[in-house]
Amino acid sequence: MAGWSTDKGMAVCLPQANIDTDQLIPARFMSVPRAQGYGRFLLHDMRREETGDLKAAFPLNAQEGISVLVAGRNFGSGSSREAAVYALVDSGIRAVFAPSFGDIFASNAVNNGLLPAQIDEATYVALSQSLERRPQTIMIDLGARSLQLGSVGARFSIDDSWALKLINGWDDIDITRHHRTAIAAFKNIRHQTTVWAWPNGAD
Amino acid sequence: MKPIAQTMLDKLWTAHEVLRREDGVSLLWIDRHLVHEGSHHAFGKLKERGLSVCEPDLTFAFVDHYAPTRRSSQTSDPQIMGMIETLRQNAHDHGVHLYDLDDPRQGIAHVVGPEEGLTLPGLLINCGDSHTSTHGAFGALAFGIGATEVAHVLATQTIWQRKPKSMRIRVEGTLGLGVTAKDIALGWIGKLGTDGAQGHAVEYAGAVIRGLSMEGRMTLCNMSIEGGARFGIIAPDETTFAYIKDRPFAPKAGAWEQACADWRALSSDNDAQFDREALLDASEIAPTVTWGTSPEQALPITAAVPAANEVTPAKREAVRDALEYMGLKAGHKLEGTAVDRVFIGSCTNGRIEDLREAAHVLRGRKAKIPGHVSPGSAKVKAQAEAEGLDQIFKAAGLDWVASGCSMCVGMNGDLVEKGQRCASSTNRNFKGRQGRGARTHLMSPAMVAAASVTGMLTDVRWLLERHQ
Ligand code: SF4
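For the protein sequence lines, the chains are A and B, in the order given. Residue numbers are given in the numbering used here: position 202 of the first sequence equals residue 202, and the series is strictly consecutive. Residue numbers are given in the numbering used here: position 74 of the second sequence equals residue 74, and the series is strictly consecutive.
Rather than coming from a laboratory, the hints here were simulated on the basis of the structure. Just so you know, these numbers come straight off a predicted model, no measurement behind them. Using N, Cα and C, we set each Cβ at its ideal position, and we do this for glycine too. Possibly wrong hints are sitting among the right ones.
Calculated pairs, SDA-like style, for lysine to any residue (alpha carbon to alpha carbon, straight line, at most 25 Å) [said to hold, decoys possible]:
| no. | chain 1 | residue 1 | chain 2 | residue 2 |
| --- | --- | --- | --- | --- |
| 1 | B | Lys-47 | A | Ile-158 |
| 2 | B | Lys-333 | B | Ala-286 |
| 3 | B | Lys-163 | A | Ile-175 |
| 4 | B | Lys-163 | A | Arg-40 |
| 5 | B | Lys-329 | A | Arg-190 |
| 6 | B | Lys-333 | B | Ala-278 |
| 7 | B | Lys-165 | A | Arg-40 |
| 8 | A | Lys-187 | B | Lys-333 |
| 9 | B | Lys-252 | A | Ser-157 |
| 10 | B | Lys-418 | A | Ala-184 |
| 11 | A | Lys-187 | B | Pro-300 |
| 12 | B | Lys-163 | A | Asp-45 |
| 13 | A | Lys-187 | B | Gly-117 |
| 14 | B | Lys-165 | A | His-178 |
Which stretches of chain B does chain A cover? Using the computed rule of at least three CB atoms under 8 Å from a CB of chain A, they are [said to hold, decoys possible]:
| no. | segment |
| --- | --- |
| 15 | 18-24 |
| 16 | 77-88 |
| 17 | 200-207 |
| 18 | 232-242 |
| 19 | 432-439 |
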């Protein structure tokens with residue numbers, strides 16, 4: 001995964017709280033192999049008529065090339081389905097700004113190069129007002145934890161270890177494999193001192 | 001010097017910490033890893049990198065999300081069967097134990113893990129499913145993870161994690177008639193909100209929690225995630241040990257004594273400090289139902305649907321939106337709202353005690369609306385049949401089907417039709433969760449049973465009183 005530290009993108013606002021992962025991608029699409037791309041499933045039932053046509057009034061459908069979402073609190077709450085992040089990433093979304101995120105969603109996002117940026121309520125209000133009528137250009141500086149959208153300049157927060165991971169495009173499996181010896185030693189001690197932690201294969 | 005008082009979270013964390021990086025993120029050892037059909041992305045990632053499962057003996061696979069509950073019609077769906085077949089293949093290729101469809105112990109991971117004695121106090125349990133928090137009922141550190149993390153666990157048996165803050169929810173007093181663990185859960189989430197415990201591990205404590213069965217404790221810990229907490233934990237006690245003893249994978253003989261001694265030491269120290277505390281008075285909790293599209297939109301059955309201007313400004317839009325989706329009007333009394341169908345099951349409320357509570361309400365009564373009961377596991381199903389509960393459900397007119405996630409998420413095709421209102425013992429009333437346009441009301445199994453009898457949202461206490 002390639003790292004990134006600055007981005008210039010086009011932002012829209014979905015002015016709703018609790019956009020959960022069942023809405024980000026309804027369960028019925030989750031048996032599709034990732035290689036087929038998940039972008040077309042993003043917010044499927046919110047965004048599309050029952051015929052599958054895009055709803056003209058839905059903010060995300062305003063134009064092509066949207067790469068940043070601003071949304072209400074508790075974005076990505078609910079299920080652990082990483083498919084919700086795949087749907088965002090495969091649609092070209094690089095960052096989501098919201099007052100709070102579902103925990104599992106946020107770590108899934110970082111694992112896929114998507115920035116879950118936490119903003120305070122005042123920033124949320126300012127951004128959603130600026131985006132009320134149309135999408136606008138946004139500049140993101142991950143290192144400085146700052147954003148600029150028109151006249152709105154603000155800071156966002158993200159766990160330092162997550163920011164580093166995004167900037168460097170790090171992959172946890174590679175990092176962890178450097179600690180192989182420590183893990184083996186830990187397992188050995190646990191096995192000796194805590195026998196009951198291993199399943200007693202009775203059958 | 002007096003040692004620093006520790007919370008149960010502190011003790012569990014320390015026991016699993018392989019190392020801690022300078023930035024404060026810990027590498028934790030995982031004792032049990034549960035996988036299911038949805039883990040195909042993770043197995044795919046493993047394959048891409050040419051890696052194999054590093055601890056197959058600590059990894060267990062479950063057919064639950066796509067499990068056909070009405071076997072004949074669903075087993076012919078190639079998409080459903082393809083998901084199950086992929087899991088079979090992955091389990092086989094990596095030497096992982098699979099609870100397959102025809103296994104008498106098949107069922108939902110969060111029901112079968114405890115039943116099999118795979119879930120124990122003091123363990124760290126991960127699963128690519130948010131309701132992994134269920135296992136915290138035993139005093140285990142248990143949390144849901146995403147696919148990339150599942151791949152990481154498969155490859156390394158560890159996970160990188162920043163320790164959450166600690167929060168204690170104490171429930172004191174006495175629960176009233178017809179009030180269950182589900183009502184405690186919906187009650188606190190309704191009060192504190194779906195992000196009320198975000199970033200915190202919630203420890204449930206107090207006299208009411210001590211008095212709950214393991215089934216009730218699991219329901220409560222299961223719902224923790226709906227309040228924003230990834231972890232829900234309850235200190236293990238004699239109730240816990242009695243549940244675990246003699247389960248197939250539970251420690252035996254000498255190891256059992258050692259285990260119980262270690263488990264007793266897990267409780268939070270008396271003077272341990274929590275980052276946050278909340279106190280609930282059990283006598284104030286009524287049978288609770290959700291009226292909206294988020295678990296926090298929950299109210300006592302005696303209440304009326306709120307108007308947008310009755311809530312804080314930040315939540316107004318959500319109320320308007322939920323009312324529209326749910327087809328409800330502000331001021332409308334919850335009790336008496338017509339319901340189209342019912343569902344009893346899921347990892348939240350698909351255990352034997354849940355079925356007993358529902359059957360107790362339904363005994364000698366008829367359901368006015370259609371619905372089905374899907375036990376959380378094949379073992380629960382067999383137990384219920386041995387007790388004759390299936391006969392009560394069938395006599396009432398409800399369908400008695402096989403075990404699986406079923407209508408909790410509808411991946412197996414058990415869906416609520418558009419615009420239909422479903423009284424459900426599950427955990428999420430999100431838009432479209434039970435099917436596109438489906439309107440879900442969450443409540444306890446007893447309350448679902450009551451709704452089936454009257455065809456409306458009903459205060460189960462009326463029916464229970466008449467039974468006495
Ligand atoms: S029953 Fe529902 S919540 Fe539980 S594991 Fe299955 S889909 Fe998830």
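Hints, verified against the model:
The suggested pairing of Lys-47/B with Ile-158/A is violated, with an alpha-carbon distance near 31 Å, which exceeds 25 Å. Proposed proximity of Lys-333/B and Ala-286/B is supported: the alpha carbons are some 15 Å apart, at most 25 Å. Taking the CA atoms of Lys-163/B and Ile-175/A, the gap is near 19 Å; set against the 25 Å cutoff, the hint holds. Our distance criterion of 25 Å between C-alpha atoms is broken by Lys-163/B and Arg-40/A, whose separation comes to about 36 Å.
Under the criterion of a C-alpha separation no larger than 25 Å, the hint pairing Lys-329/B with Arg-190/A is inconsistent with the structure, at around 57 Å. For the suggested pair Lys-333/B and Ala-278/B, the alpha carbons sit about 29 Å apart, so the restraint of at most 25 Å is broken. Pair hint Lys-165/B plus Arg-40/A does not hold up; C-alpha atoms about 37 Å apart against a cutoff of 25 Å. With a C-alpha separation of about 57 Å, the suggested pairing of Lys-187/A with Lys-333/B is violated against the 25 Å cut-off.
Proposed proximity of Lys-252/B and Ser-157/A is contradicted: the alpha carbons are some 49 Å apart, above 25 Å. Restraint check for Lys-418/B and Ala-184/A: not satisfied, since their Cα atoms lie roughly 53 Å apart, outside the 25 Å limit. Between Lys-187/A and Pro-300/B, the direct Cα distance comes to roughly 48 Å. Violation of the 25 Å bound is thereby established for this hinted pair. At roughly 36 Å between alpha-carbon atoms, Lys-163/B and Asp-45/A are farther apart than 25 Å, so this suggested pair is violated.
Between the alpha carbons of Lys-187/A and Gly-117/B the distance comes to roughly 21 Å, so the proposed pair stays at or under 25 Å and holds. For the given pair, Lys-165/B sits about 28 Å from His-178/A by alpha-carbon distance, which is inconsistent with the 25 Å threshold. With 5 residues having a Cβ less than 8 Å from any Cβ of chain A, the segment 18-24 of chain B passes the three-residue criterion, so the hint holds. Figure legend: the segment 77-88 of chain B, annotated as covered by chain A; annotation consistent (4 residues with Cβ-Cβ distances under 8 Å, at least 3 required).
Only residues whose beta carbon comes within less than 8 Å of a beta carbon in chain A count, and the segment 200-207 of chain B has 0; fewer than three means the coverage is violated. Restraint check on the segment 232-242 of chain B versus chain A: 0 residues with Cβ-Cβ distances below 8 Å, three needed, restraint violated. Given a C-beta distance limit of less than 8 Å, the hint that chain A covers the segment 432-439 of chain B holds, as 3 residues qualify and 3 suffice.
In summary, the numbered hints that this structure violates are 1, 4, 5, 6, 7, 8, 9, 10, 11, 12, 14, 17, 18.
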